[in-house]
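Peer 1: Chains as they are written, first to last, in the working numbering: chain A, 116 to 226; chain B, 452 to 560.
Mixed in with the good hints, there may be bad ones.
Claimed, not checked - Using 30 Å as the maximum straight-line C-alpha spacing, the simulated DSSO-like pairs for lysine-lysine come out as follows:
#1 Lys-172(A) - Lys-508(B)
#2 Lys-521(B) - Lys-510(B)
#3 Lys-508(B) - Lys-552(B)
#4 Lys-552(B) - Lys-507(B)
#5 Lys-552(B) - Lys-521(B)
#6 Lys-510(B) - Lys-172(A)
#7 Lys-552(B) - Lys-128(A)
#8 Lys-128(A) - Lys-172(A)
#9 Lys-521(B) - Lys-508(B)
Think of the hints as simulated: they come from the structure by calculation, not from any bench. These numbers come from a predicted model, not from an experiment.
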Amino acid sequence: KAGVTQTPRYLIKTRGQQVTLSCSPISGHRSVSWYQQTPGQGLQFLFEYFSETQRNKGNFPGRFSGRQFSNSRSEMNVSTLELGDSALYLCASSFDRGLISFGPGTRLLVL
Amino acid sequence: TQLLEQSPQFLSIQEGENLTVYCNSSSVFSSLQWYRQEPGEGPVLLVTVVTGGEVKKLKRLTFQFGDARKDSSLHITAAQPGDTGLYLCAGGSNYKLTFGKGTLLTVNP
Numbered sequence: 116k117a118g119v120t121q122t123p124r125y126l127i128k129t130r131g132q133q134v135t136l137s138c139s140p141i142s143g144h145r146s147v148s149w150y151q152q153t154p155g156q157g158l159q160f161l162f163e164y165f166s167e168t169q170r171n172k173g174n175f176p177g178r179f180s181g182r183q184f185s186n187s188r189s190e191m192n193v194s195t196l197e198l199g200d201s202a203l204y205l206c207a208s209s210f211d212r213g214l215i216s217f218g219p220g221t222r223l224l225v226l
Numbered sequence: 452t453q454l455l456e457q458s459p460q461f462l463s464i465q466e467g468e469n470l471t472v473y474c475n476s477s478s479v480f481s482s483l484q485w486y487r488q489e490p491g492e493g494p495v496l497l498v499t500v501v502t503g504g505e506v507k508k509l510k511r512l513t514f515q516f517g518d519a520r521k522d523s524s525l526h527i528t529a530a531q532p533g534d535t536g537l538y539l540c541a542g543g544s545n546y547k548l549t550f551g552k553g554t555l556l557t558v559n560p
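Bound-form chain B, shown alone:
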C-alpha cells in the first residue's frame, strides 16, 4: 500500500513569515502533485513535479521533488492571509491519486 505522510498537520503563522510543508512517501510515484483546498470547495492543482530533484516556483511558492521521487516539500515565502487553506500532496500512479492527509495552514494578519 502506497502511503503519503504530510507534516506538520496544522500550522498557524503570522503574515510575512516563511514556512515549509513536507510530504514523504513509502514508495516511488510517477508524479507528485500539490493542491490547495478551501472550505466548501474541491482541491485546486498548484503544481505537478515529475523528475527527481525538480524544483518549481510559482510566485512565492517553491516546490521540490526529492532525488528518489519519494518526498517533496512546499515552501511559502512571506505568507499572506490569502494563503490560508488545506495543502495536500498527492502521488499519481495507475490512473489514481494517493493523497496525504494535508496540512491546514492559517495565516493570521
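Just chain A, same shape as in the assembly:
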C-alpha cells in the first residue's frame, strides 16, 4: 500500500507570494490533517478534514487555509507569505481515529 504522498517536496517562495501544497492520503483513509514543523515551535496542528469537512483547526492566522476533495486528497494554501512561514509542512492521514501515517513533508523556504 502506497504511503502518504506530498507535493512538492521542496519549495522556495518570496514574501507576499502565496503557495499551495498537496497531499494524497493512503488509499481508504478519509481523515487528513496538516502540521507545521519548525525548530523553535516543533510540530503544531493546522487543521483536520474528514469527508471534505473541517473538524478542527489550530491557532494559525486566516492566511492558512485548507480543503479536502471528494477523493480525500487535500490541499493547504498559505497566502501573503511571511519569513516565519518557512517550515516543514507535514500531512498525515488515517481511516478515522485510527493509526496515523505521516507523509515526508514539504519543506517551504520563504525569502
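Mind docking chain B on chain A? Use the hints.
Peer 2: Same frame as chain A, now just chain B:
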C-alpha cells in the same frame, strides 16, 4: 491550552547504554503516542498508549503511560546507532495531536 513537555531536549550516548525520555502533560489526553522522526522524513508511529498505567514493549523499547494519563516515558535498552533520531510524544484529542518539542537522540558507535 494543552501542553506536552519532553525532557531531555538533547541526548548523546554511546552504543550499548540505556536511556529514558520523559513526556509530561498539563492535562489528560485520550491517548498518547510516541513517534520517531529521521531527517528529511515525516514522523513514524512507534506506539499508542491509551490506558493509565499501561506498559508496552517493542523489542528494546519500553513505553509507560502514567496512571493519571498525563505523563509517559520511553526507555531504550542497549541503544544502537540505528536508534538515532528525534523522538516525539503526542497527545490525541478532538481529532488533533498535540506534540512535545521532541528529544534529539544521538547514539555514537
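Peer 1: If you draw a straight line from the CA of Lys-521(B) to the CA of Lys-508(B), is it 30 Å or shorter?
Peer 2: 19 Å, holds
Peer 1: Within a Cα-Cα threshold of 30 Å, do Lys-172(A) and Lys-508(B) meet the stated pairing?
Peer 2: 33 Å, violated
Peer 1: Given the proposed pairing of Lys-552(B) with Lys-521(B), does the C-alpha separation stay at or below 30 Å?
Peer 2: 16 Å, holds
Peer 1: For Lys-510(B) and Lys-172(A), compute the direct alpha-carbon distance and say whether it is at most 30 Å.
Peer 2: 36 Å, violated
Peer 1: Regarding the pair Lys-521(B) and Lys-510(B), is the alpha-carbon distance no greater than 30 Å?
Peer 2: 24 Å, holds
Peer 1: Does Lys-172(A) sit within 30 Å of Lys-128(A), going by the straight-line distance between their CA atoms?
Peer 2: With Cα atoms ~25 Å apart, Lys-128(A) and Lys-172(A) stay inside 30 Å; holds.
Peer 1: For the pair supplied as a hint, Lys-552(B) and Lys-128(A), is the alpha-carbon distance within the 30 Å limit?
Peer 2: With a Cα-Cα distance of about 26 Å, the restraint between Lys-552(B) and Lys-128(A) holds, given a limit of 30 Å.
Peer 1: Would you mind confirming whether the straight-line C-alpha gap from Lys-552(B) to Lys-507(B) stays at or under 30 Å?
Peer 2: Roughly 22 Å between the alpha carbons, so the hint for Lys-552(B) and Lys-507(B) holds.
Peer 1: Given the hinted pair Lys-508(B) and Lys-552(B), is their alpha-carbon gap at most 30 Å?
Peer 2: Distance of about 23 Å is within 30 Å: holds.
In summary, the structure is inconsistent with hints 1 and 6 from the numbered list given earlier, while agreeing with the others.
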